[in-house]
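Participant: Chain by chain, the residues:
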Amino acid sequence: GQQLNQSPQSMFIQEGEDVSMNCTSSSIFNTWLWYKQDPGEGPVLLIALYKAGELTSNGRLTAQFGITRKDSFLNISASIPSDVGIYFCAGQWAGANSKLTFGKGITLSVRP
Amino acid sequence: DGGITQSPKYLFRKEGQNVTLSCEQNLNHDAMYWYRQDPGQGLRLIYYSQIVNDFQKGDIAEGYSVSREKKESFPLTVTSAQKNPTAFYLCASGLAGGAGDTQYFGPGTRLTVL
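Residue numbers (the working numbering), protein chains in the order written: chain A, 1097 to 1208; chain B, 165 to 278.
Worth double-checking, as some hints may not be accurate.
Derived Cβ-Cβ restraints for the label pairs, each shown as a range [said to hold, decoys possible]:
hint, chain 1, residue 1, chain 2, residue 2, range
1, B, Ser-237, A, Gln-1105, 43 to 49 Å
2, A, Pro-1135, B, Asn-248, 17 to 23 Å
3, A, Gly-1112, B, Lys-234, 46 to 52 Å
4, B, Glu-233, A, Ala-1148, 37 to 43 Å
5, B, Gly-227, A, Phe-1108, 17 to 23 Å
6, B, Asp-218, A, Ser-1116, 22 to 28 Å
7, B, Gly-180, A, Pro-1208, 28 to 34 Å
8, B, Glu-179, A, Phe-1108, 16 to 22 Å
9, A, Val-1180, B, Thr-276, 32 to 38 Å
10, A, Ala-1174, B, Asn-217, 33 to 39 Å
11, A, Pro-1135, B, Arg-177, 21 to 27 Å
12, A, Val-1140, B, Gly-180, 32 to 38 Å
13, A, Ala-1190, B, Asn-217, 26 to 32 Å
Note that these hints are calculated values from the structure, not bench results. Keep in mind it's a predicted model, so treat the numbers as computed, not measured. Beta carbons are placed, not taken as given, at the ideal position from N, Cα and C, and that holds for glycine.
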């Protein structure tokens, strides 16, 4: 199946810093989604992107659908301790009847 | 409030027993999904259903079964044939077809086999 690459596996930042994460694929995707998961909870949808080049914000979060349709970026500005968690990207491959493919996630730690 | 509920939150099972995980949604979504999550791995699709009385196998369906008798409900049974059932199970729902198959998740059920 299709694969999404997220790296590094973990990121450590200082409170107040900005952080950027990306998600890449070797295939073209029609949709990019970004989720955040707190320990022991289900993922929560942060931002959904449906068009190449689309740039969408949700509070301190901004995500972009790459123009090549093979990548997406999530930026978090002015990080706070509650930003700690696992950030997953997900995408729907452009092939027929495809389901969502998920990256393995990036664990974000924020030092006060 | 609209949303997806999963019960129970924690479930313990003895080897050789079947167990059923509940998933209910009141979002009026046509599509529902079951995923399995293991540490350090992405979500893996077990089964999905896009309409009542119909469902399809995902990537790791062996040892699992589902039913979709009502639009709101999509229970998952973990059978004794599943060789490594201890995991975190997530249910999701979304609008079938439409823009991008966007999915919304429930809070999850952690299953431990003793």
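Participant: Now tell me, hint by hint, if it's right for this structure.
Facilitator: Now for the hints, and whether the structure bears them out:
1. Ser-237/B - Gln-1105/A: 43 to 49 Å: violated (36 Å)
2. Pro-1135/A - Asn-248/B: 17 to 23 Å: Holds, since Pro-1135/A and Asn-248/B (Cβ atoms, about 22 Å apart) stay within the stated range.
3. Gly-1112/A - Lys-234/B: 46 to 52 Å: holds (48 Å)
4. Glu-233/B - Ala-1148/A: 37 to 43 Å: For Glu-233/B and Ala-1148/A the Cβ distance comes to about 40 Å; the hint holds.
5. Gly-227/B - Phe-1108/A: 17 to 23 Å: violated (38 Å)
6. Asp-218/B - Ser-1116/A: 22 to 28 Å: violated (41 Å)
7. Gly-180/B - Pro-1208/A: 28 to 34 Å: The hint (28 to 34 Å, Cβ to Cβ) is violated, given that Gly-180/B and Pro-1208/A are roughly 48 Å apart.
8. Glu-179/B - Phe-1108/A: 16 to 22 Å: violated (39 Å)
9. Val-1180/A - Thr-276/B: 32 to 38 Å: Because 25 Å falls outside the window, the suggested range is violated.
10. Ala-1174/A - Asn-217/B: 33 to 39 Å: violated (49 Å)
11. Pro-1135/A - Arg-177/B: 21 to 27 Å: holds (22 Å)
12. Val-1140/A - Gly-180/B: 32 to 38 Å: holds (36 Å)
13. Ala-1190/A - Asn-217/B: 26 to 32 Å: Holds: the Cβ-Cβ distance is about 29 Å, inside 26 to 32 Å.
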